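K.L.:
Listed below are the residues making up each chain.
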Amino acid sequence: MTLAVPKTLQATKPSRKRRRKEMRMGYLFVGPMLLGVIIFTLIPMIFSFTLSFTKWSFVTGFDKIKFIGLDNFRALFQDDVFLKSLGNNFIMLLAVPVGMVIALLLAVVISNHVYAPGAFKVIYFMPQISSVVAVAVVWQVLFHPSYGPVNGFLSALGMDNPPKWLADPNFALPSVMLLMIWIDLGVSLIIYNAGLKNIPADLYEAATLDGATKWSQFRSITLPLLTPTTFFLLVTGIIGNFKSFALIKVLTDGGPAHSTSVVVYDMYQTAFVDLQTGYASSMVMILFLCLLAITALQWISQKFWVNY
Amino acid sequence: MKKNMFMLVLISVLLVVLAGCGNSAANTNNASPNSSASSAPEATEESPATAEPVTIKVAHWSPEADITPILEAYEAQHPNVTLEYVELSDSGDSVAGMKKLDLLVASGEDLDVAFMPGATDYSQRAGLGLMTPLNDLIAKEAITLSDEYSIDPTIDGNIYALPDTLENYFVLLNKDKLDAAGLAVPTEWTWEEYLDYAKKLTSGSGPSKTYGTYFHTWAMYWELALINQAKNNNLVNEGKVNIDSPEIRQSLELRSKAEQDQIAVPYADTISQKLAYRSEYFTQHAAMIVTGNWMIGSAGGSEEFPATFTTAFAPMPSNATGQPSGVSIANGNYVGILDKSKHQQEAYDFIRWYSTEGEQMQNVYSAWKKQDVDKFIASVKETALSPDKIDADSLAFVIKNALPAPLSVPPTYQGELEEAFTKETELYILKQQDLETTIKNAQQGLQKIVDANK
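These protein sequence lines are chains V and E, in that order.
Here our numbering is used: position 54 in the first sequence is 55, and no number is missing along the way.
Here our numbering is used: position 96 in the second sequence is 599, and no number is missing along the way.
The hints are simulated quantities; they were obtained by calculation from the structure and are not laboratory data.
Check before you lean on any hint, since a few could be wrong.
Partial selection, computed: residues in chain E whose CB lies under 10 Å from chain V [unchecked claim]:
#: 1; residue: K602
#: 2; residue: D605
#: 3; residue: G611
#: 4; residue: R628
#: 5; residue: L633
#: 6; residue: P710
#: 7; residue: A771
#: 8; residue: Q776
#: 9; residue: G918
#: 10; residue: A923
#: 11; residue: T928
#: 12; residue: L933
#: 13; residue: G948
Model, not experiment: these values are computed from the prediction.
Built from N, CA and C at the ideal position, the CB exists for glycine as well.
Put together the whole structure using the sequences plus the hints.
P.N.:
Dropping the structure here:
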C-alpha cells in the first residue's frame, strides 16, 4: 500500500501535467473570445442594468447621472407607447409557430414529393440571404396602397376597398408579421429538412408494413422525432422575434400611430432620438426579463413534449 | 517554471487589456479637466494678448466643400485662429448629423462650436446642459440680440445659441401648371383658396396623377393654421397645451378635406412609400407644397432633382379673409458653444461672425437683420443650376412681405410632444377616429407629457 501511493502519484503526474497544459491551451484559445464577451457584452449589460435606475442622457457625461430608484419602471407601466410596443411584441410572437408549421409542411413536401428539392430550398432561402433593407423596400412597393401589385390583384378579384397594408393601423402589424414569416421560412425549412433526414427510414418501413396511413406515420413518427428540432427553432425563433428591429425601422418606422412599434424600436427611439438613456435602459431590462421568463418556461416545459 | 511563464504572459496580457480600457476611460474622463487645467491658466494669463494660437472645432452637417470657403475667410481675418471642420454628415442630412454629434459628444470629442437644425434640436440639447449659456459673452460685447437677429433664442432667460439661418414658411408653386390652369401667382390668400388652387391643379389619374398639393409627415403639416399665427403658435405655449383650439381644428379639417377630395397625395402613400417632399415636388407629382426658406436654392434645381419647370413663390395663406398672409413662425438653424469648450471667447467671436457676415457668403437666408435681401436673391440666382427656373418677382415679393412671427422656443421635450400629436392625427387622417376624439386624446396625451416634465 505504501508503495502503491507514490506509484499512482507517479502514474498520474504526467497526465495531470498534460491536463494542465491542455487547460492552459484551452484558456489561451478561448481567451480572446472571452475577453470580447466580457468587454463588449457583459460589462455593457451590467452598465445598462445600473442605468435603468437613473435619469441620464448619454451625451451629458458621467457626472450628470442621477439615481432615481424605481421611478423609470413606474413610469414605464403608465407609458402608452411602451405598453403598446410590449403588446405588439407578444402579438408578433404568433409569427414564430405559424412560420414553423409552414416550414415543416414545406420541408416534408420538398424532401419527399418534389423533383429537384435543392432548387426549392434555394428559392425559399433567398429572402434570408438578401439584405433586410432590400427585402423591405421591395415589399414596400408590392404593398403600395393605390397602385401596388398586391392590391391590384385584390381589386381584380373584385375587392372594392382592399386594405392599405402598411399604412393601415389594423393591417400594418399583420403585414410585418407576414414578411417576417416569409424571411425566416428558409432557415426553419433547412433545419427541419436536416431533422427529417435524421429519422431512420426503417421506422417508416415498419409502419408501412403494419398498414399505417401516411397521416398516422406523420403524426406518430415524424412529429415526435422532430420535437428537438421544433424546440430549437421555437427558442431561437422567439428570441429572434423579440429582437426584430431592422425590418420595422425600414418598413414603417413603428407607425402608423405606433401600431408596429416594438420594445426594441421604442427603446431606440427613446435612447437615440429623445436622448433618454436611463429610461431606455429600463425598457431593455423589461425586455430581458420577458425573454428570461419565456426561455425558462420553454426549458421547463420541454421535458413534457420533447423526445430525444 | 513553464507554468509561471504562462501565468506571467496571461497576467501581462490581461493587464495590457485592462490598462487599455482603463486608460481610454480615464482619458475620456480626465481629458477635459486635465487639458483645461493645463490650458486654462494660459488662456486666462494670455487672453488679453490673444496672440495665442487657438484651434476651434466646428461641427456642422453640411458637406465640407460647402463650408470650407467660409471658414478660410474667417481664418484669413483672424490669423491666430485655426478652424477645424468636423463634418457630421457627408450627405447634408441634418437628422443623421445630430446623431453623429451626440455620439461625438458622448465619446468625449472636444468640440467647440455646434450647429443645430431647428429649435427642437436646439432646446433639447440646451435642456440637457450640453450648450454653454452665452448671456455673459453677449453682455460683454454689449449688443441687444433683438436688434441683431430676427429670432429670439432665449430659453428661460438664458441664451444657449445664436440664430444662424432664418426659416419661415411659404408655398412653392409649379408655375407651368399654374399657367396651364390659368391661375395667377397668389399674393394674398387664405387656406380656403389654397384648397381651391389645389383642386384646380389636380389632373390626371393612376400613377402619373398630379395632385394639387403634398403634405409631408412632419408635425408642422398638422398645425398649418397654427404656425401662421403671430402669437401662441406652438403646441404648448407657456406650459398650456394648445390642441383644443380653433387653429388646430382648422388645420386638421384642412388636411382631411384635401385628403377626401383627393387633391393631396394620399397619406397612406406618403407613409407606406416613405415619400420625400423634394421628389414629390420636382417630379411634378404634386403641384404645390408648403415649405420653407431652405428650398429657395433648391428651386433652381440640384443634381439630384434638376428643375424642369418654373417655380413661383406665394406667401403662407391666412386662416380667414382679412387676416394677413405671409405670417409664419420663424425657425432656423442655431449655432452654439459646447459647455466643455475651452475657448469660449474665441468660439463666441467666431459664431458672431458666422451668423452675420459669414452667412452672406453662402446662399442662405439669414436671421441677421442687416442682410441685404436683393443681394441674397441675386446670388441665389447666380449659383442656381437653372436660374431661369426661379420666378424672381414672386420670390422677392414673398421674402420682402414675409412676417416672421416670433417663435416661442419650444420646451426641451418638443420632440415627444410632436410624436404624441402626430400619432393621434394619423389615426384621424386614416379614418380610425373622428375629429373630436382626436382633439380630446391629443389634448390629454400632450398634457401628460407636460406634467411629466414639470
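K.L.:
Would the hint on L933 of chain E stand, with a C-beta cut-off of 10 Å toward chain V?
P.N.:
6 Å, holds
K.L.:
Under 10 Å, Cβ to Cβ, is where K602 of chain E needs to be relative to chain V, so tell me if that hint holds or is violated.
P.N.:
Given a least distance of 6 Å, the restraint on K602 of chain E holds.
K.L.:
Checking hints one by one. Is D605 of chain E an interface residue toward chain V, by the C-beta closer than 10 Å rule?
P.N.:
Because about 5 Å separates D605 of chain E from the closest Cβ in chain V, which is inside the 10 Å limit, the hint holds.
K.L.:
Using the nearest Cβ pair, does G948 of chain E come within less than 10 Å of chain V?
P.N.:
Status holds, d = 8 Å.
K.L.:
Minimum Cβ distance from A923 of chain E to chain V below 10 Å?
P.N.:
8 Å, holds
K.L.:
Let me know if the C-beta of T928 of chain E comes in closer than 10 Å to any C-beta of chain V, holds or violated.
P.N.:
9 Å, holds
K.L.:
Please check whether G918 of chain E passes as an interface residue: C-beta within 10 Å of a C-beta belonging to chain V.
P.N.:
Hint on G918 of chain E: holds, closest Cβ of chain V at ~6 Å, below 10 Å.
K.L.:
Can we keep the R628 of chain E interface hint, with Cβ of chain V closer than 10 Å?
P.N.:
Interface hint status for R628 of chain E: holds (8 Å vs cutoff 10 Å).
K.L.:
Using the nearest Cβ pair, does A771 of chain E come within less than 10 Å of chain V?
P.N.:
3 Å, holds
K.L.:
So, L633 of chain E near chain V? Judge it on the closest CB pair being under 10 Å.
P.N.:
6 Å, holds
K.L.:
Against chain V, is G611 of chain E within 10 Å by beta-carbon distance?
P.N.:
OK, holds: G611 of chain E within 10 Å of chain V, min 8 Å.
K.L.:
Taking the least C-beta to C-beta distance, is P710 of chain E closer than 10 Å to chain V?
P.N.:
5 Å, holds
In summary, this structure violates none of the numbered hints.
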